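Whenever a hint applies, use it, and build me the whole structure from the sequences.
Chains as they are written, first to last, in the numbering used here: chain A, 211 to 625; chain B, 211 to 625.
You may find that some hints are simply not true.
Distance ranges between label pairs, derived from CB positions [as the list claims (entries may be wrong)]:
| no. | chain 1 | residue 1 | chain 2 | residue 2 | range |
| --- | --- | --- | --- | --- | --- |
| 1 | A | ASP232 | B | LYS535 | 30 to 40 Å |
| 2 | B | SER369 | A | ILE342 | 51 to 61 Å |
| 3 | B | SER396 | A | LEU281 | 28 to 38 Å |
| 4 | B | GLY368 | A | THR382 | 46 to 56 Å |
| 5 | B | ARG603 | A | GLU534 | 41 to 51 Å |
| 6 | B | GLN621 | A | LEU211 | 40 to 50 Å |
| 7 | B | THR566 | A | LEU479 | 51 to 61 Å |
| 8 | B | LYS453 | A | GLY296 | 39 to 49 Å |
No lab work stands behind these hints, which were simulated from the structure alone.
Because the structure is a prediction, the values reported are computed rather than measured.
Just so you know, even glycine gets a beta-carbon here, dropped at the ideal spot from N, CA and C.
There are 2 protein chains.
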Amino acid sequence: LNLKAILFIADGMADRPLKELDWKTPLEAARKPILNRIARTGICGIIDPIAPGIPPGSDTSTLAMLGYDPLRVYSGRGALEAVGSGVKVLPGDVALRCNLATVDENLVVLDRRAGRIANEDAFELVESLQRIKLKNPKNVEFYLKNTVQHRGALVLHGSDFSTAVSDSDPETAGKKVLEIKPLDKSPEAKRTAAILNELSQEFHKVLSKHPVNMARDKHRLPPANMVLFRGAGTIPKILPLEKVFGIKAVCVAAVSLIRGVCKVAGMDLIDVKGATGTPQTDYMAKARAAVKALKEHDFVFLHVKATDVAGHDGNFKLKVEIVEKIDAMLGYVLDNVDLDSTILAVTADHTTSCVTKNHEGDPVPVAITGPYVRTDDVAEFGERTCAMGGLNRLRGVDLMHILMNLCGRVQKFGA
Amino acid sequence: LNLKAILFIADGMADRPLKELDWKTPLEAARKPILNRIARTGICGIIDPIAPGIPPGSDTSTLAMLGYDPLRVYSGRGALEAVGSGVKVLPGDVALRCNLATVDENLVVLDRRAGRIANEDAFELVESLQRIKLKNPKNVEFYLKNTVQHRGALVLHGSDFSTAVSDSDPETAGKKVLEIKPLDKSPEAKRTAAILNELSQEFHKVLSKHPVNMARDKHRLPPANMVLFRGAGTIPKILPLEKVFGIKAVCVAAVSLIRGVCKVAGMDLIDVKGATGTPQTDYMAKARAAVKALKEHDFVFLHVKATDVAGHDGNFKLKVEIVEKIDAMLGYVLDNVDLDSTILAVTADHTTSCVTKNHEGDPVPVAITGPYVRTDDVAEFGERTCAMGGLNRLRGVDLMHILMNLCGRVQKFGA
Chain A
211 LNLKAILFIA
221 DGMADRPLKE
231 LDWKTPLEAA
241 RKPILNRIAR
251 TGICGIIDPI
261 APGIPPGSDT
271 STLAMLGYDP
281 LRVYSGRGAL
291 EAVGSGVKVL
301 PGDVALRCNL
311 ATVDENLVVL
321 DRRAGRIANE
331 DAFELVESLQ
341 RIKLKNPKNV
351 EFYLKNTVQH
361 RGALVLHGSD
371 FSTAVSDSDP
381 ETAGKKVLEI
391 KPLDKSPEAK
401 RTAAILNELS
411 QEFHKVLSKH
421 PVNMARDKHR
431 LPPANMVLFR
441 GAGTIPKILP
451 LEKVFGIKAV
461 CVAAVSLIRG
471 VCKVAGMDLI
481 DVKGATGTPQ
491 TDYMAKARAA
501 VKALKEHDFV
511 FLHVKATDVA
521 GHDGNFKLKV
531 EIVEKIDAML
541 GYVLDNVDLD
551 STILAVTADH
561 TTSCVTKNHE
571 GDPVPVAITG
581 PYVRTDDVAE
591 FGERTCAMGG
601 LNRLRGVDLM
611 HILMNLCGRV
621 QKFGA
Chain B
211 LNLKAILFIA
221 DGMADRPLKE
231 LDWKTPLEAA
241 RKPILNRIAR
251 TGICGIIDPI
261 APGIPPGSDT
271 STLAMLGYDP
281 LRVYSGRGAL
291 EAVGSGVKVL
301 PGDVALRCNL
311 ATVDENLVVL
321 DRRAGRIANE
331 DAFELVESLQ
341 RIKLKNPKNV
351 EFYLKNTVQH
361 RGALVLHGSD
371 FSTAVSDSDP
381 ETAGKKVLEI
391 KPLDKSPEAK
401 RTAAILNELS
411 QEFHKVLSKH
421 PVNMARDKHR
431 LPPANMVLFR
441 GAGTIPKILP
451 LEKVFGIKAV
461 CVAAVSLIRG
471 VCKVAGMDLI
481 DVKGATGTPQ
491 TDYMAKARAA
501 VKALKEHDFV
511 FLHVKATDVA
521 GHDGNFKLKV
531 EIVEKIDAML
541 GYVLDNVDLD
551 STILAVTADH
561 TTSCVTKNHE
571 GDPVPVAITG
581 PYVRTDDVAE
591 FGERTCAMGG
601 LNRLRGVDLM
611 HILMNLCGRV
621 QKFGA
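Printed below as a string of structure tokens:
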């Protein structure tokens, strides 16, 4: 037995019962014949991505769902997102998430996204910042990359950096840009904070006088005159999936953070035209890409962000619709893979409540179908039906081992 | 979402099926419309307070149910009980539980409770012992406090003490008072044992000639001529609940041990008139106190001891009656709190079997009701019905995080 596997994760798909849906969750309320078929022909359960009652981030949960214990290996979001957006981050480097923002003369943030600045403007502005030379300390190599619109990543390259530094991003407009402070007493944290504060000032100086911003001013567009930093991180020290399970693994995901986690796990990344990480993504294009990728790989990680977006907006109607689109995606997958040699698992990386509009620590449902799976009586895919399933209640970090075991790809422990 | 929570714990309420109850447990046999309503409107499960098959103490289980891992933080019962009875125990101090006892001239214990000596006699005797000065080592500060009847606490104040010492209490009458021995090879354990042995002798000397005991002899009451020590402990190093979850927490409990655990967790303690920690406690007074306390606090820990007392006595009929009184308590709570802003959880701290008359390692049932809880099909609160619930099987240490997650009070791990 040497099967292949597809792990489908709908970001934030799990939810709580909603009054507006007659006390059903969006997942429960959706028409989802395929998801129900997967539950009916498979084994179901619930998963605490991190631990019971702990609201997961998408980064920590994805690490867990790939079999890495996030409590041991997680080292901040910045580096994962940078890697996912195509920036090289090496061991020793510290990476941060960046926003091009608009500030006034007192450094009060007017718009954290500089009017969701167009890619062309952002690209030209960021390029000019790369030429800055730091004075104190000298010779610090940094790399600033613009990804999409106002978003970007900053990498401090070398050694003697620390992730124990605060953010300069105040997270809400109307507040002043924050001074970055060391969060512990190490010389590395002090040094890193000093470098970031200097970069912040130098970036502001250059951006304030930049011709692109002069032009934006003429067109009554907010100038992108500041770069806000947050989420300092390093790449986690983990073995690639190929070393852990001997598998060739591939990621079909649009959002940088998820791509970053998969990249540090040694997975191939596939770019799908029309995949956007938004509710308007091309769902079927991703399904097709996953089916195609399975031919050349042993394991496909297929991720859809849209459910989480709808949850954060509290838009339960949209969330129901997205679940139905996901259902169609999975229909394509089931129709086009060899069901005799494929394990298919469906779950969410966390609960995103349409009421609180936030990640919550409630468990997520999971269903696994494929050859020789011990089926149970669950006939519907949902938060509460799956809780009655044969898998009982699992931790996220156990899922990958369960899948790889069904694929015949886990080493025996003992003799 | 920022809800409040009540955690109700009936000590030792869980049990095993009994022939005399037609193979039902006392909880299953009781008439309990309110407990069933909580199960029906909520989500149920079973909890291993420590780990599957491990019989918990009330101290370790209460630590776990408050979210502290007892396997890491538990440091003996003595200090917790001392704190709970109003004695100050500082970091470094070692505290022990004490019994005023009756011994013969060969130090054989005749009565471990000195005829359940009256508070007045006990108080006067214990006060005289406080004046003793130790010779070797000099200047050891100790504090002896009489709590109720024969019960008390001894605190060694300072540093260089160890909890690795045996008890002098032989636990049964007819046996000789035991010499206290160091349980490891540290100088601290040796020193602590020596101090306790000297205190034991000095206490015996003073008590043997004490006028109160002369008077007791005249009235044919057994003299309280010895102090038995057991359960050396320190206060566990734990963060207060306010630091962990940002909540103002309060404890409504009568027994010292539970109050001690809550106190070291930084909780306020409420004294309820008529609350005794016995089957004759004023159940409704505690329910009223809990409802009132919820107005000024975010979290109420409400504890009833009586179920455990009935279990230790093997009195299953009484245990059934107590469950029915608890049911009425919870009816008052449900009628008098704002159900739109309160999470209510009901469980036991361990199984106390009416057959073995001891704590057992069987899991305990739990039900959680409140806004946006993912309900299940369980319609009856019991050991076996709850095992079919949507929470599946949990560890005690996870419960508090689950409750605080439902209250919107847990920090996200990751981004």
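So, going through the hints one by one against the coordinates:
1. In this structure, ASP232(A) and LYS535(B) meet the distance hint of 30 to 40 Å, their C-beta atoms being roughly 37 Å apart.
2. Taking the beta carbon of each, SER369(B) and ILE342(A) are about 56 Å apart, inside 51 to 61 Å as hinted.
3. Between SER396(B) and LEU281(A) the Cβ separation comes to about 32 Å, which falls inside the hinted range of 28 to 38 Å.
4. Checked against the given bound of 46 to 56 Å, the beta carbons of GLY368(B) and THR382(A), roughly 51 Å apart, stay inside it.
5. One distance hint, 41 to 51 Å for the beta-carbon pair ARG603(B) and GLU534(A), is violated here, with the actual separation near 33 Å.
6. For the hinted restraint 40 to 50 Å between GLN621(B) and LEU211(A), the CB-CB distance of approximately 42 Å keeps it satisfied.
7. For the pair THR566(B) and LEU479(A), the supplied restraint of 51 to 61 Å holds, since their beta-carbon distance comes to about 59 Å.
8. For the hinted restraint 39 to 49 Å between LYS453(B) and GLY296(A), the CB-CB distance of approximately 41 Å keeps it satisfied.
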